[in-house]
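Student: For reference, the chains in residue letters:
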Amino acid sequence: MNPFFKWLRNQTNKTIPGSKKEKYFNQLKTIWGASAKTSIPEVPDTNEEWQRLQIAITEAERESRAIHVRPTFGNLFQLRFAYAVAIIVLITISSLFIYHRYIPVSYQTDRKEKLAFTLPDGFAVQLNCVSKLTFHKNFNKKSRQVTLKGEAYFNVQKGDLPFIIKTDVAQIRVLGTSFNVRARDEQIEVAVNRGTVGILTAIEGKDSTIALKEGYLIACSKGSFPSQPQPIQFDQYPGWIHGNLSFHQTPLKLVCQEIERQFDVKIQLADQQLEDISISGLFAADDLNHLLSVICILIRKEFRYENKTIVIY
Amino acid sequence: MDESEKSLLQKIKQSDRNAFQQIFTKYHPILFRYIFYRTKNYSLAQDIVQETFLKVWLNRESLKPRLAFFPYIVKISSNLVKDHYKHEQVRNKHKDSIPIIENSIDDDPDAALDFNLLEQQINITVNNNLPLKCRTIFILSRVEGKSNQEIADLLNLSKKTVENQLYHALKVLKKKLQKFL
Chain A
1 MNPFFKWLRN
11 QTNKTIPGSK
21 KEKYFNQLKT
31 IWGASAKTSI
41 PEVPDTNEEW
51 QRLQIAITEA
61 ERESRAIHVR
71 PTFGNLFQLR
81 FAYAVAIIVL
91 ITISSLFIYH
101 RYIPVSYQTD
111 RKEKLAFTLP
121 DGFAVQLNCV
131 SKLTFHKNFN
141 KKSRQVTLKG
151 EAYFNVQKGD
161 LPFIIKTDVA
171 QIRVLGTSFN
181 VRARDEQIEV
191 AVNRGTVGIL
201 TAIEGKDSTI
211 ALKEGYLIAC
221 SKGSFPSQPQ
231 PIQFDQYPGW
241 IHGNLSFHQT
251 PLKLVCQEIE
261 RQFDVKIQLA
271 DQQLEDISIS
281 GLFAADDLNH
291 LLSVICILIR
301 KEFRYENKTI
311 VIY
Chain B
314 MDESEKSLLQ
324 KIKQSDRNAF
334 QQIFTKYHPI
344 LFRYIFYRTK
354 NYSLAQDIVQ
364 ETFLKVWLNR
374 ESLKPRLAFF
384 PYIVKISSNL
394 VKDHYKHEQV
404 RNKHKDSIPI
414 IENSIDDDPD
424 AALDFNLLEQ
434 QINITVNNNL
444 PLKCRTIFIL
454 SRVEGKSNQE
464 IADLLNLSKK
474 TVENQLYHAL
484 KVLKKKLQKF
494 L
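Chains as they are written, first to last, in the working numbering: chain A, 1 to 313; chain B, 314 to 494.
Hints may contain errors.
[Unchecked claim] As a list, the in silico DSBU-like pairs of lysine-lysine whose alpha-carbon atoms are at most 35 Å apart:
1) B:K487 to A:K29
2) A:K37 to B:K326
3) B:K406 to B:K319
4) A:K37 to B:K324
5) B:K377 to B:K492
6) A:K37 to B:K399
7) A:K132 to A:K222
8) B:K388 to A:K14
9) B:K395 to B:K487
10) B:K459 to B:K406
11) A:K29 to B:K446
Hints are computed from structural coordinates only; laboratory data are not their basis.
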């Protein structure tokens, strides 16, 4: 018997029959008795319930894993934010990288204008009139490569990296020399003053490499392989470096173009046949009138000024 | 609380399913009867017990082996019962259902004499008017027929507390059920 009920019964027995206290304890006893009358059905089979629970656990754990994987709006936003930040950082870094590496640096000259400068590796370049030399900011890091349009004289010392000059017509590869490159109008002329230069031309997948020795020059037009090297005729070649003009069996048309560039003038040939007269020689280029008269004597023609144009007739 | 239960809970914390099965086997019947007393609905009691143990397993990492297990599952299942009725109330609000008649006895004085009816009223009062601890002790004592010592062990309480709580429960019931006595 429950000790509490024992106490309850004792309390009841102690009270005077018919008193309020007796009634009170009797009522408690009634409740005590009645409360135990609740009928509880047979409890479900524990083993079956355990099996049921195992299934529920498996499902719940699979669901909770799925919830972890499924991105909610919140972390989707964070994910997108992270992507955006990553992309911005990537673009910034790569553009800085591209800028330093691939943004070309170019030196350009106009008519009557010559330029002397040094490349990042410290070597001197002289740029003739109406010429453009381009190289990338990472020059001297992985390669020493320049692109030339026009005429330039290079004085390159031997370095770890080969020096490469790209032109429309050919690639010139050197290790350490002084040489002149003229790359104009889809024509190229390379003249070596010191050392040796390799000239690479590629036409329709076929390569040709010619080694050009000191004291020789070579000419080549686009779409054809270079001719045989010829010895340089003049001491001071290329003439423009020394304030001269040097021509070697050069058509008058090209001579005139060179004079136009050097003096910023316009020269007109009265007769088309004059274009093909070839000129050789070293000419002082300090005075235009003097130069023109010397050339005119050579070709037995004359020149005159018509407004600002020089006409050779 | 015995030492074996403490070590079982420690093992459950470390995801030991055998320990969990032992605890389940021990507490499933008593919890079912407790919930049935509260709901008078067999399948609902069955589901709530299932859900209670599911919660225990899913939150096993936060188990506290030093504390008694039975009050813990009573607390979880009581909340589930509460939630169930809250949802039911909301559902009923929208269903225009007939309200549950609790005190229909008022109209039928003879029925008050019915012992079963008194038992029903005790049930309602226990479920609605007793605080959780008091209710648990009363149900364990009167429905489960557990001795005061057993209840004290189960709930990690002193025997004296159990007796005091039983007396308190009876007083509340007597007051509430005056017209049935």
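Student: For every hint, state whether the structure bears it out.
Tutor: Now the hints, each set against the structure:
no. : hint             : result
1   : B:K487 to A:K29  : 10 Å, holds
2   : A:K37 to B:K326  : 39 Å, violated
3   : B:K406 to B:K319 : 45 Å, violated
4   : A:K37 to B:K324  : 39 Å, violated
5   : B:K377 to B:K492 : 44 Å, violated
6   : A:K37 to B:K399  : 28 Å, holds
7   : A:K132 to A:K222 : 18 Å, holds
8   : B:K388 to A:K14  : 39 Å, violated
9   : B:K395 to B:K487 : 25 Å, holds
10  : B:K459 to B:K406 : 39 Å, violated
11  : A:K29 to B:K446  : 21 Å, holds
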